[in-house]
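**Q** Top line first, the protein sequences correspond to chains X and F.
Numbering-wise, the working numbering comes out as the position in the first sequence, counting from 1, plus 1.
Numbering-wise, the working numbering comes out as the position in the second sequence, counting from 1, plus 1.
Warning: the hint list may mix true and false statements.
For identical chains, the list gives no copy identity; a pair is met inside one copy or between any two copies.
Distance condition first, Cα-Cα at most 35 Å in a straight line; then the derived DSBU-like pairs of lysine-lysine [to be verified]:
hint, residue 1, residue 2
1, 324, 203
2, 326, 44
3, 32, 324
4, 300, 269
These are computed hints drawn from the structure, not numbers from a lab.
Residue-level listing of the chains:
Number of protein chains: 2
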Amino acid sequence: MPTSDVLVAGILNGDTSALGRAITLVESQRKDHLEKANTIIQKCLSQKRDAIRIGITGVPGVGKSTFIEILGKLLIADGNRVAVLAVDPTSTQSKGSILGDKTRMEHLVKEANAFIRPSPSGVNLGGVARKTRETIILCEAAGFNIILVETVGVGQSETTVHGMVDFFLLLKLSGAGDELQGIKRGIIEMADAIVINKADGKNIKQAKAAAQEFKRALHLYPPKENGWIPTVLTCSALENKGIEAIRDLILDYIEKNKISGHFLEKRKRQNKNWLYESIEERLKSDFFDDETIGPELDKFASKVMAETISPFQAAEQLIGMFKNKS
Amino acid sequence: MPTSDVLVAGILNGDTSALGRAITLVESQRKDHLEKANTIIQKCLSQKRDAIRIGITGVPGVGKSTFIEILGKLLIADGNRVAVLAVDPTSTQSKGSILGDKTRMEHLVKEANAFIRPSPSGVNLGGVARKTRETIILCEAAGFNIILVETVGVGQSETTVHGMVDFFLLLKLSGAGDELQGIKRGIIEMADAIVINKADGKNIKQAKAAAQEFKRALHLYPPKENGWIPTVLTCSALENKGIEAIRDLILDYIEKNKISGHFLEKRKRQNKNWLYESIEERLKSDFFDDETIGPELDKFASKVMAETISPFQAAEQLIGMFKNKS
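Only chain X is shown next, with the shape it has when bound in the complex (with noise of 0.2 Å):
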């Protein structure tokens, strides 16, 4: 494994080998690995990068894959370098992920100027969220200015991608019945645009049935705070058709954002949220993860479950047992 040293030179000269191999070093779980990692991320980091960060959700079966394959394509057309990252908590599970395997993306992961990724594996939601956004700086750095990033909705994965890119497009199918049905709660909430895929051959009538349905919700919620109204639009990732109104969507967006001082503001929000999520999963894993409070802690529970103790007292005694010990 070449030092840190050559891993930053070949990074910032673009070559996607040495960013592979930072990114190696990000994932993995032994100490020294992570120590380079740091050095080469802290080195990366001092690079100027004005790259922007796009989220991409929607449940499995929506067309993701195909959606980010054709949009990447376009957004390559345009002159950019693109990344594909993806947050997948049931990467951990050994089963394989919801997401699958990127190199599904057969077309994009030809292209010379697009650099694909798939989830961490081995870690919880936590660690995928670290490592993919160190990997984002990673990806910046070595030229990539165009970052998307996958999700599958599980758990709070929607809420971490939310918070690490600059907007984020829900995609979504035109069904039976309400179109509203059956979305997970908050995520309406967090879009800035909702996009109905599949909208081709009979499909159309549908789609832009649904749409109209969406711009009805979106109206019932206050709008965001930097004004944006979310957008809702139809396309088909796999007839390529609306994917230009999308793009031109999102970097007007972006382009408005710079221009009022939001994008900076949430991009400065955002890295403070992290290193406060940090600092608080970090005194929480310490805590829970102590081989001497576990068993402990099930007894406390039960006993508040049961009400036989009050949860302020259970934790205050367990807090006490935690000091004493270190």
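Assemble the complex: chain X is given as a structure, and chain F must be docked to it using the hints.
**A** Just chain F now, with coordinates in the frame of chain X:
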């Protein structure tokens, strides 16, 4: 001040003066008071209780006090004993709370079977929440079988109250234009019922239209875990119209959920959540309130926002400082 044994005996005897004194101990900042309070709570906890807890929220001006008064009087007429508590984070400010003085419930305050207590002051929301929850335990031990917890939509106060009640009611007004504009994100998802107040005089038509709009909006959300679809009703607290229907709805909800087991399930889950939240709150306050960490945190936050250090590395360095210190 009587001994804790005397106070406990008084509480269990339904003596509101003993109850009031015990709550004063709970709300005190003095360490000896809090220890005494803990002893009392622990003894009260072991008492069998079958009280129900109802959260009521709504913006200032919606008529919460009048509504609670009229609902409280109805419940007392049914043979219940009703305690009214408040969670108001603004009560921590010297200027006085949004919810204001509970003595303005001038009719309810005269009822022998009513107990009204304003929001504890001088503490943050976490503190208000904890003290309110402990007060609920004391009120229930004193034989109050219906606890009404009033809150105003400031910060996280609604989520906090939602986490301590069996039924959560959102009070609204009809108004010009889109009824759902301006509703705080997430609040609709928490409500078990939405009640349009001030459906009287020339407002009746408007109130009914608002109810229809809310019904449509609620239809867009997935049903709750217990299968409940939130109900929309109209009422006039001023003219005492529609209050029986609201009482019936709440009691019907409680009965159904007791039979299905969701009632106890939710209580257990709430208690467990409170244990975890108490632990996390304590871990965080130990860190963030630390005198050495405070200024360092500000320095690192600036660096993180300027992207000269990654949030994760900043977090690790800060945690390192904290551990070396203790």
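**Q** State for each hint whether it applies.
**A** Taking the hints in turn, this is what the structure says about them:
1. 324 - 203: Neither. Shortest intra-copy (65 Å) and inter-copy (63 Å) distances fail the 35 Å Cα cut-off.
2. 326 - 44: between (38 Å within a copy, 29 Å between copies)
3. 32 - 324: both (26 Å within a copy, 19 Å between copies)
4. 300 - 269: For residue 300 and residue 269, only the inter-copy Cα distance (14 Å) is at most 35 Å; the intra-copy one is 42 Å.
Checked against the numbered hints given earlier, this structure breaks only hint 1.
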